[in-house]
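Asker: For reference, the chains in residue letters:
There are 2 protein chains.
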Amino acid sequence: MAISTEPYKGTRDFYPKDMQLRNWMFGKLSSAARSFGYLEYGGPMIESFELYAAKSGEELVNQQLYHFVDRGDRKVAVRPEMTPTMARLVAARIHELPRPIRLFSIPNLWRYERPQKGRLREHWQLNVDVLGGDALLAETELLTLAVELMRSFGGGERIQVRVNHRKLMDSFFKDTLGLTAEQALKVVKAIDAKDKVDEAKFVGWLSEAGVREDQVATLKRFFGSSLDSIAKEMPCEGANHLLELFKGLSESGVADQVAFDPTIMRGLDYYTGTVFEIYDTSPENRRAMFGGGRYDNLVGMFGGKESLSGVGFGMGDVSLQNFLETHNLVPKFEGEIDVFVSLPKAELRGLSEKVARDLRAGGLNVMTPLQVSGFGAQLKIANKHEAKVAVLFGDSELEKGELILKVLTTGEQLQVKTADTVKTVMGILGSKNS
Amino acid sequence: MAISTEPYKGTRDFYPKDMQLRNWMFGKLSSAARSFGYLEYGGPMIESFELYAAKSGEELVNQQLYHFVDRGDRKVAVRPEMTPTMARLVAARIHELPRPIRLFSIPNLWRYERPQKGRLREHWQLNVDVLGGDALLAETELLTLAVELMRSFGGGERIQVRVNHRKLMDSFFKDTLGLTAEQALKVVKAIDAKDKVDEAKFVGWLSEAGVREDQVATLKRFFGSSLDSIAKEMPCEGANHLLELFKGLSESGVADQVAFDPTIMRGLDYYTGTVFEIYDTSPENRRAMFGGGRYDNLVGMFGGKESLSGVGFGMGDVSLQNFLETHNLVPKFEGEIDVFVSLPKAELRGLSEKVARDLRAGGLNVMTPLQVSGFGAQLKIANKHEAKVAVLFGDSELEKGELILKVLTTGEQLQVKTADTVKTVMGILGSKNS
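Chains as they are written, first to last, in this note's numbering: chain E, 1 to 434; chain F, 1 to 434.
Treat each hint with caution, since some may be false.
[Claimed, not checked] Here are the computed lysine-lysine pairs in the BS3-like style, where the Cα-Cα straight-line distance is at most 30 Å: (1) E/LYS75 with F/LYS167; (2) E/LYS232 with F/LYS345; (3) E/LYS345 with E/LYS305; (4) E/LYS55 with F/LYS196; (5) F/LYS196 with F/LYS167.
[Claimed, not checked] Which chain E residues stay away from chain F? Per the calculated CB distances, all over 10 Å, these: (6) GLN20; (7) TYR66; (8) ASP134; (9) GLY204; (10) ALA259.
[To be verified] Here are the in silico distance ranges between beta carbons for each label pair: (11) F/GLY430 with E/ALA361: 21 to 27 Å; (12) F/SER250 with E/ALA361: 26 to 32 Å; (13) E/GLU58 with F/ASP420: 38 to 44 Å; (14) F/SER4 with E/ASP192: 30 to 36 Å; (15) E/LYS247 with F/GLU399: 33 to 39 Å; (16) F/VAL69 with E/THR263: 38 to 44 Å; (17) F/PRO98 with E/ARG71: 41 to 47 Å; (18) E/GLU412 with F/GLY224: 56 to 62 Å; (19) E/SER207 with F/SER4: 33 to 39 Å; (20) E/GLU284 with F/GLU6: 54 to 60 Å; (21) E/ARG151 with F/LYS196: 55 to 61 Å; (22) E/GLU347 with F/LYS28: 30 to 36 Å; (23) E/ARG71 with F/THR281: 32 to 38 Å.
FYI, nobody ran anything at the bench for these hints, they're computed from the structure.
Ideal placement from N, C-alpha and C gives every residue a C-beta, glycine not left out.
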C-alpha cells in the first residue's frame, strides 16, 4: 500500500518558499535579540520526563506532553517548552556565566493539541530570557525588546503590550476583596479564560467561586481603574513596581506601546511578579499573540544553593506569521538563484563550469541545467527556477571570446568579454537590489 | 529530589560559544549549497512510523529508531534520517517543482546509539539532493559541491572523495567471479565493514561466504586495479559511467580530490548506481566522514505513477566538527557584543537608553549592565561579556555634550560629541574587523 504524502497531523512541511519566509522571520527575530546583547543557545529535542513534571503545569504534562520510555528504560519527553532546558543549562554553569545572563533560542516545540488556527502540534518559538540584574531594569529591557522586535517587522504601531503584577493582584484579592486563597485561585482562572467566553459566563464563574455581588462590583471597578488611581487607593509593592516600570519604559522610548491591564494573569505557572501579554490591536484578533513574565529561582529545582530569578517571554512562529499576513507585513521574496549558466553543447561544459565557478567565487548562487539543450529549452529552465540572469553561449560570440548575459526580469541582453562576466553580473544584480 | 543538570544521554547542550561555532558551520554549509542553486526545505521532527519501515533498513528500524504510539493511537517515529521526508515532500508536488529539483536541509536526527566518538543520539546533518537531470551531470555536480564545501572550510586538500558504482560491482561479482546473488550480498557486507577489522578477519568472512581461494585472489587483484584497466578488461555500464564521471569532475575542477575505490559500498540501503564516501586523508581518521549515492525512484513508495531518480549525500555535524578541530580549521571567534553602554547613575538612564537605541539602529549588538554602579564595576561587566567598545558617561564630559568611548581590546580611550557616537563606534569596529 502506498504511504501518504501528508505530514503528521498538526505539523507542517516547509518547501523552499515556506523556508524562505521562515528564514526571514527567524533572521529578524535573531537580529532583534542580538541587538540587545542576547546570545543564542540550544538544547536537545528530547529531555528527561521529570524536567517537565516538576514545573510545567498539569494540563501540559497530563494531556499535551509527548512522552515515552526509551530502549534503555528511561522516561523521556519531546520538549513542549524551552524554559526548563534553559534553566537546566543555566543551573549547570551558574557560577561561570557572566551576569546578567541574556539568552535566546528559536526551538521547535511539541504539544499534543487539537490542530486549530494558531495552534499546531509542532511550532517554533522565540524564547528570550534575562536572569540576574535589577528586576525593574531587566523587565524594562525585555518589554522594550518585545516592542522593538515588532517594530522591526513594521508592526510596532499595531501591537500593545499589556502589563500586570502578580503581587498587586494578591493584595487586591486578599486585602481589598477579602477572598480566601482558594477563591482567589478560582477568580484568577476565570479572569485568565475570560477572553474566550461572554460576560454572563464570566460572572457565573465568579458566583460559583462564592464571590458576592458587592465583591463583583469592586472587582469591576478595579478593572476599570488606572494604575495611578490604584496606586493611590491601595499602595502596595506590585503597584509601585509597575509605576517604576512605566517610568523606565518611557526612558526606553516604548511607553506608547505598553498599557496597564489588571486582567492579564498568564495562567498559574511559574510567574511571580510582573506578567505581560502582547496583543494585536486589530479587533479581529482578540487573543494574546505572546507573553511572559518574571519567575523566581527556576534553577532551584536542580538543587544548587544559589537562587537566581529571571524574566522571559516566548513568541510562537504561527501567531507571528498570522499577524504579519493579516497586516500585509510579509515582503514579496525574490528568487534565490542569481545566475543560470547554460549548457548548449557537451563540448562547452568545461567553459560553462569555469564561468559558474567564477560566479560562485564572487558569492553568487549559480545553477546549471544538468542537460544539454538549445537556447529556448535552457531559458525555460532558467525562468522556471526564477533565476535573475542567464549566461548564454553563442558560436559567433565564443569566437570573439565573449558570451551573452540575459537579464531575465527585463529581457535585456548584452555581450561581454568572458573575463568580465563576474563584474558585469554583480553590477546587474547590485543595481537590481538597490 | 534535585533534577539532574545533565542533558539526555548522547545529546549535547549548546551554550552561546557552542552555538557560535554551530552557526558558523551551518552558515558555511548553507552558503555552499545555495551557491550551487540548492534551496532549503524543512519537515516535521516526528513522522509516521511506516515512512521509515519501508526503506530505512532493518538495523535502523529495529534497533535505532525512536518510535512510540501517540495519544491518538498513531504509530510515529522521531526522524532518524531526512531522505524519506525529502522524498515525501517531492512526491506530494512532483508535477509542480521545477526540475532539476535541488534541495538541502540541516535537520537534527535521532538514533538510539551507544554514544561514542563521532556518534551521538542527536546529531545534525546537512542533506543535499538533486532529483532529475542527466545522471552523470547530476552526480558530477554533487561531488563538486562536496569538494567545494570542504574547500570553503579550508579543508579541500585534506579530503578525498572515493567513488564506486553498484553496477560495476554487480558485473564483477556475477560475470567475472561467478558468485551467486547470496554470496555477493555477503561479500558486499564484508567489504563494507572491512575498515573496522583486520585483513585476517576480512578473509575469514569471505571464506565463510564460500568464496574460493582463486576467487579471493581475483578479488584482491580487482581491488588493486585502476579504473582504466578495469574498463578495458571488463567493459560494462558501471565502468563506462565512472570514466565519464571522472571526465566531468575534471571539467569541474575537482578531479584531484576524487579517486576510484572499488571497496566503497555504502551499505545495502537504497543506492543503485554511483556511490561515494568522503575521507579525511590524515591517517588517524580512517573512517568515512560522510557519503552518499544514486537512488532510484524513492518517490515510488508514495504510489505516484511518475518515476524520479536522484543522488544525494548527508554530512553529520559531529564528524565535520571533529575534522575541523583535528586540522585546526576552526577560527577563534570574537565576542558577539559590539558595545556596552554604561549606567553610572539612575538619572542618566534616559540618555544611556537613547545612546543604546541609536547604536542598535546602526545595526550593532548593544548591552547595558542592568544595574547602577561606578566606572570600575561597569567595566568589569563589559569585559566579562567580551564587549568590544564601552560607552562611559563622566560629569565633565556630559557638561560639554560629550561622552567617553573606551576600546576594550586595546584600552584606547576617546571623547566624542554624543551626536557622533554611532559614527565613531562604527569606525572603530569597522577597522577592527578589516
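Asker: Confirm or reject each hint.
Answerer: Verification of the hints:
no., hint, result
1, E/LYS75 with F/LYS167, "violated (46 Å)"
2, E/LYS232 with F/LYS345, "holds (28 Å)"
3, E/LYS345 with E/LYS305, "violated (73 Å)"
4, E/LYS55 with F/LYS196, "violated (46 Å)"
5, F/LYS196 with F/LYS167, "holds (25 Å)"
6, GLN20, "violated (8 Å)"
7, TYR66, "violated (7 Å)"
8, ASP134, "violated (5 Å)"
9, GLY204, "holds (31 Å)"
10, ALA259, "holds (20 Å)"
11, F/GLY430 with E/ALA361: 21 to 27 Å, "holds (24 Å)"
12, F/SER250 with E/ALA361: 26 to 32 Å, "violated (19 Å)"
13, E/GLU58 with F/ASP420: 38 to 44 Å, "violated (57 Å)"
14, F/SER4 with E/ASP192: 30 to 36 Å, "holds (33 Å)"
15, E/LYS247 with F/GLU399: 33 to 39 Å, "violated (25 Å)"
16, F/VAL69 with E/THR263: 38 to 44 Å, "holds (40 Å)"
17, F/PRO98 with E/ARG71: 41 to 47 Å, "holds (42 Å)"
18, E/GLU412 with F/GLY224: 56 to 62 Å, "holds (57 Å)"
19, E/SER207 with F/SER4: 33 to 39 Å, "violated (46 Å)"
20, E/GLU284 with F/GLU6: 54 to 60 Å, "violated (46 Å)"
21, E/ARG151 with F/LYS196: 55 to 61 Å, "holds (57 Å)"
22, E/GLU347 with F/LYS28: 30 to 36 Å, "holds (34 Å)"
23, E/ARG71 with F/THR281: 32 to 38 Å, "holds (37 Å)"
Going down the numbered hints, you'll see the structure goes against 1, 3, 4, 6, 7, 8, 12, 13, 15, 19, 20, while the others check out.
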